[in-house]
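**Student:** Those protein sequence lines, which keep their order, are chains C and X.
Each residue of the first sequence is one higher than the one before, counting from 68 in our numbering.
Each residue of the second sequence is one higher than the one before, counting from -18 in our numbering.
Warning: the hint list may mix true and false statements.
Covered by chain C, according to a simulated footprint, are these stretches of chain X (three or more residues, beta-carbon under 8 Å) [to be verified]:
#1 -3 to 3
#2 13 to 24
#3 42 to 55
#4 107 to 115
Think about it this way: if two alpha-carbon atoms lie no more than 27 Å apart in a straight line, the pair counts; the simulated DSS-like pairs of lysine-lysine are [stated by the list, open to error]:
#5 X/117 <-> C/403
#6 C/93 <-> X/66
#7 C/402 <-> X/119
#8 C/106 <-> X/0
#9 C/402 <-> X/117
#10 X/0 <-> X/37
#11 C/84 <-> X/0
#12 X/37 <-> C/106
#13 X/66 <-> C/106
#14 C/403 <-> X/119
#15 X/0 <-> C/93
#16 C/84 <-> X/66
Source of the hints: derived by calculation from the structure; they are not laboratory data.
Each residue gets a CB set at the ideal place from its N, CA and C atoms; glycine is no exception.
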Amino acid sequence: MTPFQYSRANDVADAIKQIATDPSAKFIAGGTNLIDLIKYDVEGPSRLIDISHLPLRSVEPTSAGGVLIGAMVPNTDLAYHPLIEGRYPLLSRAILSGASQQLRNMASTGGNLLQRTRCFYYYDTATPCNKREPGSGCSAIDGVNRINAILGTSEACIATHPSDMCVALAALEATVHVTGPAGARIIAFADFHRLPGNTPQRDTNLEPDEIITAIELPPKGFSANYSYLKIRDRLSYAFALVSVAAALELDGDTIKEARLALGGVAHKPWRSTAAEAALLGQRTDATAFAKAADWLLHGAKGYGHNNFKIGLARRAIMRTLDQAARGTPQSNSDKKIR
Amino acid sequence: MARSGAAKRVTRMVTVPEKIPIRLTVNGNRMELTVAPWTTLLDALRDHLDLTGTKKGCDHGQCGACTVLVDGRRINSCLTLAVMKEGAEIITIEGLAHDGELHPLQQAFIDHDAFQCGYCTSGQICSAAGLIAEGKAKTADEIRELMSGNICRCGAYPNIVSAIQQAMERS
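Extracted from the complex, chain C is given alone in its bound form (with noise of 0.2 Å):
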């Protein structure tokens, strides 16, 4: 590894002060995306300011009815509370179903939406890459790019998001929570995340010399009709190919407000208003689902070796919705699709 400074940042005006001061400095947090990349030399920050101490690490319900999760709260604590258990399951599934526990004990829910793409090219610092190198170009793209998006790209970078996390946050309609020098401010999480267009070393919209303090869902849970659907090469412990969360509120079998995003499949977590407002007043069967897929589709774009994803995930959209539907979400340990 390259050597870098450390310093600890007693509170959040600390952490802020302490980045301002030094540009290529780097926030830590859990460090299991970070400290792989430092080792990769994919990064090499002069410094890395740890975050993990804050007293970020409260799961609350707010007076709007919600929940404000601290940004420090570890992955796995916050798929096991109890106020996410019970009123955000497809949080929790969708948590549960990334990463191993050791890394789920470590990761931090702030760091969750910070992590950097899975392209292979991303890591090897032997290839060119307009995300790590900006302007050197692009090998996914007519490389080996079974993993890679097939929405949302540009010539540019074809790399996805690789959290599980995100994708429920997005359908969820949750919102970031930062502070910088400017102040705090508030991000809505279809905004947080960027598509890569001609600066795709930029992930989110989140300044340099600003911190996360806050991720907050808004009062709907949807834990009555809810599925998070991973498609993986491995059972577990593999990034998705396609992973699919759908939240319905169904009325009888009448169809009143859905949610929709994909992972896998983008640079940010894949939503389409179309495609929610296709299934609004329709009867919750295959017809209905089938015109939600391909608006959620619409445009999607396969670059060789990831083909397969457009087909895979229109079934695995169409497979979603029914889950959700029957109130059947799919299991973390049983891996049968049913």
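Fit chain X to the supplied structure of chain C, relying on the hints for placement.
**Tutor:** Chain X in isolation, oriented as in the chain C frame:
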């Protein structure tokens, strides 16, 4: 693959940072050591404290061979900086047996022949100790899912699950 422009490597001059003194409680013993900021907990245990029972497998958080318990929770010590664990209580495979008696998981792994080469075993056992403490796994399917962070390239999985079930029944 033809590419426009090879990736440039940037060399940045840095002052080599000072080593940092830390205190850890390892297997009940208070330890004081001085480590570089980039020293992982895994390297601190193996190279500074001579506790080589914790294994370095992939060194990237993908295999689980380096699993130890920090303040009672299982984590990958290869992705953990030692300086960030100042004051923490660490349990490694060397700290599981008590008074010459094997930990129930160690005995169960022997009873069920739950390994071949044994390289992943200390990580498997520490991970299983964490799993039992969490209390979330009841069925074999749940054990498999929550032990998925520990890879065994010999493929001793069926016996590992049996061994964990035995230890769970007796704990």
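**Student:** Does each hint fit the structure? Answer for all of them.
**Tutor:** Hint check results:
no., hint, verdict
1, -3 to 3, "holds (count 3)"
2, 13 to 24, "holds (count 4)"
3, 42 to 55, "holds (count 5)"
4, 107 to 115, "holds (count 4)"
5, X/117 <-> C/403, "20 Å, holds"
6, C/93 <-> X/66, "18 Å, holds"
7, C/402 <-> X/119, "16 Å, holds"
8, C/106 <-> X/0, "19 Å, holds"
9, C/402 <-> X/117, "17 Å, holds"
10, X/0 <-> X/37, "23 Å, holds"
11, C/84 <-> X/0, "23 Å, holds"
12, X/37 <-> C/106, "14 Å, holds"
13, X/66 <-> C/106, "19 Å, holds"
14, C/403 <-> X/119, "18 Å, holds"
15, X/0 <-> C/93, "19 Å, holds"
16, C/84 <-> X/66, "23 Å, holds"
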